[in-house]
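Residue numbers (this note's numbering), protein chains in the order written: chain A, 1 to 314; chain B, 1 to 289.
Treat the hints with caution; some may be incorrect.
Unchecked claim - Taking lysine to any residue pairs in the SDA-like style, the calculated list, with each CA pair at most 20 Å apart, reads:
hint : chain 1 : residue 1 : chain 2 : residue 2
1    : A       : 254       : B       : 14
2    : A       : 117       : B       : 278
3    : A       : 117       : B       : 25
4    : A       : 254       : A       : 82
To be verified - Partial list, derived from the structure: chain A residues whose beta carbon lies under 8 Å from chain B:
hint : residue
5    : 40
6    : 127
7    : 131
8    : 168
9    : 170
10   : 171
11   : 192
12   : 265
Keep in mind that the hints were calculated from the coordinates and are not lab data.
We treat Cβ as the ideally placed atom computed from N, Cα and C, and that holds for glycine.
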Amino acid sequence: MAVQMQAALGASAKRGRLRLDDSRGVLGFVFMLPAAVLLLLFLTYPLGLGLWLGVTNRSIGGTGHFVGFANFRSLLDDSVFRLVVFNTLFYTVVASAVKFGLGLYLALLLNHRLPFKAILRAVVLLPFVVPTVLSAIAFWWLYDSQFSIISWVLVKLGLIHRYIDFLGEPWNARWSLIAANIWRGIPFVAITLLAGLQTIPPSLYEAATLDGASRWQNFRYVTFPMLTPIIAVVMTFSVLMTFTDFQLVYAITKGGPVNATHLMATLSFQRAITGGQLGEGAAIADAMIPFLLAAILFSYFGLQRRKWQAGGRD
Amino acid sequence: MAAAQPEGMDYLSSLPRRLVTVYLPLAIMLFVLLFPFYWMATTTFKPDAELYDYAKYNPFWVAHPTLEHIKKLLFETSYPDWMLNTMVISVSSTALSLFCSVSAAYAIERLRYRGSHYVGLAIFLAYLVPPSILFIPLATMVFQLGMFDSDWALILTYPTFLVPFCTWLLMGYFRTIPYELEECALIDGASRLQILLKITLPLAVPGLISAGIFAFTLSWNEFIYALTFISSSENKTIPVGAITELVEGDVYHWGSLMAAALLGSLPVVILYSFFVEHYVSSLTGAVKE
Numbered sequence: 001m002a003v004q005m006q007a008a009l010g011a012s013a014k015r016g017r018l019r020l021d022d023s024r025g026v027l028g029f030v031f032m033l034p035a036a037v038l039l040l041l042f043l044t045y046p047l048g049l050g051l052w053l054g055v056t057n058r059s060i061g062g063t064g065h066f067v068g069f070a071n072f073r074s075l076l077d078d079s080v081f082r083l084v085v086f087n088t089l090f091y092t093v094v095a096s097a098v099k100f101g102l103g104l105y106l107a108l109l110l111n112h113r114l115p116f117k118a119i120l121r122a123v124v125l126l127p128f129v130v131p132t133v134l135s136a137i138a139f140w141w142l143y144d145s146q147f148s149i150i151s152w153v154l155v156k157l158g159l160i161h162r163y164i165d166f167l168g169e170p171w172n173a174r175w176s177l178i179a180a181n182i183w184r185g186i187p188f189v190a191i192t193l194l195a196g197l198q199t200i201p202p203s204l205y206e207a208a209t210l211d212g213a214s215r216w217q218n219f220r221y222v223t224f225p226m227l228t229p230i231i232a233v234v235m236t237f238s239v240l241m242t243f244t245d246f247q248l249v250y251a252i253t254k255g256g257p258v259n260a261t262h263l264m265a266t267l268s269f270q271r272a273i274t275g276g277q278l279g280e281g282a283a284i285a286d287a288m289i290p291f292l293l294a295a296i297l298f299s300y301f302g303l304q305r306r307k308w309q310a311g312g313r314d
Numbered sequence: 001m002a003a004a005q006p007e008g009m010d011y012l013s014s015l016p017r018r019l020v021t022v023y024l025p026l027a028i029m030l031f032v033l034l035f036p037f038y039w040m041a042t043t044t045f046k047p048d049a050e051l052y053d054y055a056k057y058n059p060f061w062v063a064h065p066t067l068e069h070i071k072k073l074l075f076e077t078s079y080p081d082w083m084l085n086t087m088v089i090s091v092s093s094t095a096l097s098l099f100c101s102v103s104a105a106y107a108i109e110r111l112r113y114r115g116s117h118y119v120g121l122a123i124f125l126a127y128l129v130p131p132s133i134l135f136i137p138l139a140t141m142v143f144q145l146g147m148f149d150s151d152w153a154l155i156l157t158y159p160t161f162l163v164p165f166c167t168w169l170l171m172g173y174f175r176t177i178p179y180e181l182e183e184c185a186l187i188d189g190a191s192r193l194q195i196l197l198k199i200t201l202p203l204a205v206p207g208l209i210s211a212g213i214f215a216f217t218l219s220w221n222e223f224i225y226a227l228t229f230i231s232s233s234e235n236k237t238i239p240v241g242a243i244t245e246l247v248e249g250d251v252y253h254w255g256s257l258m259a260a261a262l263l264g265s266l267p268v269v270i271l272y273s274f275f276v277e278h279y280v281s282s283l284t285g286a287v288k289e
């Protein structure tokens, strides 16, 4: 299908060529200009500037000069930074894995024949639509040490005897933030995977069932392989968003207690903007890039797999 | 929708079985996903006496609804200013991004100038650059350009994540418009600009709405740039204002905080409810391409 489209486009492009060739380059340049100027100025240039700032000792109000890898060396010796890298990886791995599991489960549930399906789908997406910081404030209130409704219900049910100190204990705080992140991320995973599920032809399930496949086998050998390419892309986005998360942490704990919930993004904000050490903050932001590249490569190979699954060449 | 009936074999399972395997887990999931909003709304309308006394009042219900928290928010804080700022910034940056994205996507997909394939790829990569690694260098630039603490700082920087997203989405959309339509117009003597304005754009309206809605909610939600580039209270956006200005010392006024969260979410939720299909198609379209 895609190949035919390409061929058709190629052929029609050739037909139109006589008329267009002289103006195409110029027109292309003019049409690209607004987007190119904006992106080069505010995306490409700052990306380079960020890398440069990471190897300087620039501070807010100061000029700063080149210091080589001094920032990175001092970060490696910095126990706070090492803790923060651990926090970030832990947060990303746990939250992404649960988001994937529950998101896929929710997508499979929504893929059943249900009454009010359109409304259900619209409602499920709400946590993703509402501004993160504002829903984070609601979680902050849900996690209040004195008036948490969660603690209140658990006490009433007799499951616990003392109110949970959600945000005061390092591990409690980590899990609380992960729960909030999962809550916000599930709808994105579920709705995009649901879109993928709907493209799987029902005849495949019928054929598999006739061949005696169980429910699990249907899922394992039909649904999952058909869904792999979209899972790869969705999870790359999910991992990227989780890894670079800033809002939830800033809104709920500001990195506390004792740096237990600081992520790389919030630490970089704290050092660069609150603390004024732009160079050091930029170095922390730069340290995120290798992880992001790894995630993008993963996405690239995920997309590669799509080709042979669609029957194209490898 | 070619695959409208993927649930084609559901009739094979009985109702009690479906109750346990489908409806019950779905109900639990929905409860968890929606409870924070319910809590946000009830807290907004509870008077302080009820808010902090679970023994006397059932916490799940509002015994004496009050508008006190909303009144305080609207008349004693800069909340109306934040609302206006957020609106102006979101609309402007969305309009700017749509303009840039439409022409860029048209050039990449339809003019197919030399190297357009690589530019398309670069746009996708730009889409993956997170604001968390750009805000420090951008802060220094914003300061040098004299835009610090002004709306312009945000209107011009939000397109860094909106333009790649919108362009990518619109490229996919333009691809679905038959090339033959443009050829006909070319033969009839239309210029490239006329073709874009009179043929391609009218056909791409659903795609434009999708991109616009999504871009608007993304700008409304944006936090880290607004936190970094804006310092004075009256220039802040809702998310930043709510978290930095409404908390006075250690005293949390949960009533007005929740009112701020509720009122700040309403505009996007209302917009979303009118354009759910467009929103979903832009969300899934961006991943499916």
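Hints, verified against the model:
no.	hint	verdict
1	254/A - 14/B	violated, 50 Å
2	117/A - 278/B	holds, 16 Å
3	117/A - 25/B	holds, 15 Å
4	254/A - 82/A	holds, 18 Å
5	40	violated, 10 Å
6	127	holds, 6 Å
7	131	holds, 4 Å
8	168	violated, 14 Å
9	170	violated, 21 Å
10	171	violated, 21 Å
11	192	holds, 5 Å
12	265	holds, 4 Å
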